[in-house]
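Quick note: the sequence shown, position 13, residue 13 per the working numbering, numbers continuous.
Think of the hints as simulated: they come from the structure by calculation, not from any bench.
Computed spacing ranges between beta-carbons, pair by pair:
| id | residue 1 | residue 2 | range |
| --- | --- | --- | --- |
| 1 | L20 | G55 | 23 to 33 Å |
| 2 | L20 | G49 | 16 to 26 Å |
| 3 | R3 | R43 | 28 to 38 Å |
A quick note: this is a predicted structure, and the numbers were derived from the prediction, not measured. Glycine included, each C-beta is placed from N, C-alpha and C at the ideal position.
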Amino acid sequence: MTRILTETPVPVVPMAISGLWASMFSRAEKVIWRRLPRRLFARIVVSAGAPVAPGLAEPAAMRETVLALRGAIP
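Make the full structure from the sequences, and use the hints.
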């Protein structure tokens, strides 16, 4: 991330995906037929935070922001 920002300083939009664990997309199960969804409609959420200026987008701070956006893992 820091290399990209030094070459092209643009705002960073932190994003997180939640609800994938134990879904058919998570690969928690090695065998594909066991990945069938437990519910018909799984709730997968994509959350986006406020844009962060390129100079303030430190990897540790961005990680904390993404973890906060994702929320607790059930």
